[in-house]
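Chain by chain, the residues run as shown.
2 protein chains.
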Amino acid sequence: MIRAVVLGSAAGGGFPQWNSNAPACRRARAGDPAALARSQASLAVSADGASWYLLNASPDLRQQILATPCLHAREGLRSTPIAGVLLTGGEVDAVTGLLTLRERQPLRLVAADAVHDLLDSNPIFEALSREVVPRQRVPLRQWFPLLDAAGAPTGLSAMLFPVPGKVPLYMEPAPGETLALEEEEDGGTVGVALEAGGRRMFYIPGCAAMTPALAELLRGAALVFFDGTLWRDDEMILAGLGPKTGQRMGHMSVGGAGGTIAAFAGLGVERKILIHMNNSNPVLLDDSPERAEAEAAGWQVAFDGMAVRL
Amino acid sequence: MIRAVVLGSAAGGGFPQWNSNAPACRRARAGDPAALARSQASLAVSADGASWYLLNASPDLRQQILATPCLHAREGLRSTPIAGVLLTGGEVDAVTGLLTLRERQPLRLVAADAVHDLLDSNPIFEALSREVVPRQRVPLRQWFPLLDAAGAPTGLSAMLFPVPGKVPLYMEPAPGETLALEEEEDGGTVGVALEAGGRRMFYIPGCAAMTPALAELLRGAALVFFDGTLWRDDEMILAGLGPKTGQRMGHMSVGGAGGTIAAFAGLGVERKILIHMNNSNPVLLDDSPERAEAEAAGWQVAFDGMAVRL
Chain A
863 MIRAVVLGSA
873 AGGGFPQWNS
883 NAPACRRARA
893 GDPAALARSQ
903 ASLAVSADGA
913 SWYLLNASPD
923 LRQQILATPC
933 LHAREGLRST
943 PIAGVLLTGG
953 EVDAVTGLLT
963 LRERQPLRLV
973 AADAVHDLLD
983 SNPIFEALSR
993 EVVPRQRVPL
1003 RQWFPLLDAA
1013 GAPTGLSAML
1023 FPVPGKVPLY
1033 MEPAPGETLA
1043 LEEEEDGGTV
1053 GVALEAGGRR
1063 MFYIPGCAAM
1073 TPALAELLRG
1083 AALVFFDGTL
1093 WRDDEMILAG
1103 LGPKTGQRMG
1113 HMSVGGAGGT
1123 IAAFAGLGVE
1133 RKILIHMNNS
1143 NPVLLDDSPE
1153 RAEAEAAGWQ
1163 VAFDGMAVRL
Chain B
863 MIRAVVLGSA
873 AGGGFPQWNS
883 NAPACRRARA
893 GDPAALARSQ
903 ASLAVSADGA
913 SWYLLNASPD
923 LRQQILATPC
933 LHAREGLRST
943 PIAGVLLTGG
953 EVDAVTGLLT
963 LRERQPLRLV
973 AADAVHDLLD
983 SNPIFEALSR
993 EVVPRQRVPL
1003 RQWFPLLDAA
1013 GAPTGLSAML
1023 FPVPGKVPLY
1033 MEPAPGETLA
1043 LEEEEDGGTV
1053 GVALEAGGRR
1063 MFYIPGCAAM
1073 TPALAELLRG
1083 AALVFFDGTL
1093 WRDDEMILAG
1103 LGPKTGQRMG
1113 HMSVGGAGGT
1123 IAAFAGLGVE
1133 RKILIHMNNS
1143 NPVLLDDSPE
1153 RAEAEAAGWQ
1163 VAFDGMAVRL
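Listed in order, the protein sequences are those of chains A and B. Here the first sequence stands for residues 863 to 1172, where the numbers follow our numbering. Here the second sequence stands for residues 863 to 1172, where the numbers follow our numbering.
All copies of an identical chain are treated as equivalent in the list; a pair is satisfied when it fits inside any one copy or across any two copies.
Below, computed lysine to aspartate or glutamate pairings styled on EDC-like, alpha-carbon distance capped at 20 Å:
hint: 1; residue 1: 1134; residue 2: 1157
hint: 2; residue 1: 1106; residue 2: 993
hint: 3; residue 1: 1134; residue 2: 1155
hint: 4; residue 1: 1134; residue 2: 1152
Simulated from the structure, these hints should not be mistaken for lab results.
Generate coordinates for the entire structure from the input sequences, incorporating the hints supplied.
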């Protein structure tokens, strides 16, 4: 069995975002029950319900742990059910929470080379002593067991795989041009596959396009958490929130002809959950037509505290 | 007038600390009203109630802003009443929250050289674009106006001053020896004095000793927030939580003959508030003898959301 708990379900900045006065953020800040506040995206996963791995460490991690009883210290004076952290990226919203995990608590820190290189270049992360928190580099496209700090297995296996990601600025197309995407990138954007007891799930919080290879990997999966950042590619521009398209930020849209809902239509995935929603995405609002459209297409929208068993 | 709002009142790790199963942390986690949970220390200060400066940016900053209406975005699509951040140190619990303030929102980032050097050596803080968030280096022991990103005054003036801080490991005394403290340090540990409208307050979240110079500076002050990290110097050792004394960590104790309460006894400070309490400090508990002793000596114990007008 795999258990997954959604620690946070929003994109970087969370919902509401600290400096946003847009209508949806105002609703969330006012406690509107149809505009549920959400912290920044992260999952806790476990094979046995006792030992947990975090998928990314968001800036909200301290509050996420407080809000999640299965992650509370329960033994001795200092302890944690958190065996380790598996990072899918090196962005601020994926790694900042590592700084919450200081206090000389044994954990394992697992990521691909690109992310470890980024951590290595920032001395502040030495707050996690390498003697106590071993850093494990893992290759892409290979399964490996998720271990605790002492090397004991947690019962979970994982594989990191590259997905199409952010387009370098110089590749951005002129208006009217089609965007060229690399089929597979260099590991700057990765998804994670997890297995335990013969069950398999995916966590892909950022993905710029559904390639044929990715579609084959996901086909028939029991559970996929997938990039729900934006509903439309020009959502930020239309809302007056910024000049960037979703493609430019490395995110395919949920709606529309080339969007996520359409791309998953033939894949036979049993349970599909949108995660990493930007505060501009109307799917965050329980009463929006976009939410109705997503649910009608068989998608759920993740919320903080959502628990899934597989 | 100066307004101050306590955004967080606990030392690094907060209360409860994520990996602590000690009795007080269990009480806080269980919602015991006499063991109020507290986030990591920071103040918001303002001369006019409209434009605010943060004193330090704790890892809990996103939740602290959400919990503090005067810091909410209220204009346009993106805005903030936060004009800037003044840092007293470069520790994880003082700077991590800067990463929450990304999103190309104009702010001013003010600190002494030692702290700026530390930020400069960590590329992750480039998430705050220097074009949008100017970094201002200020000298110690000199008053300067706190400005917003565009250079407009907020009505607050500030001065950073060195206080006795952490003792280098090699200076740690052998058992039975007396600890030698430098009278004034190199700016690694600083306090801040603030003025507006002829009123003056101090924020000193870490201080290893009351020197004659510091006592003269604080004498007769209207308001002092002071280092409440530990009640006794050997508190962590007695509780089985670690091998370090308070002196070794750069914090004088609140209680006892050489402690903070005794050191302030003759200074005539009008309002004295303990802040930056470690989760091991019994003064955190409303029903502890130590809380009663502090209150009997004219001290208050800061809590998240505490508002003070001066």
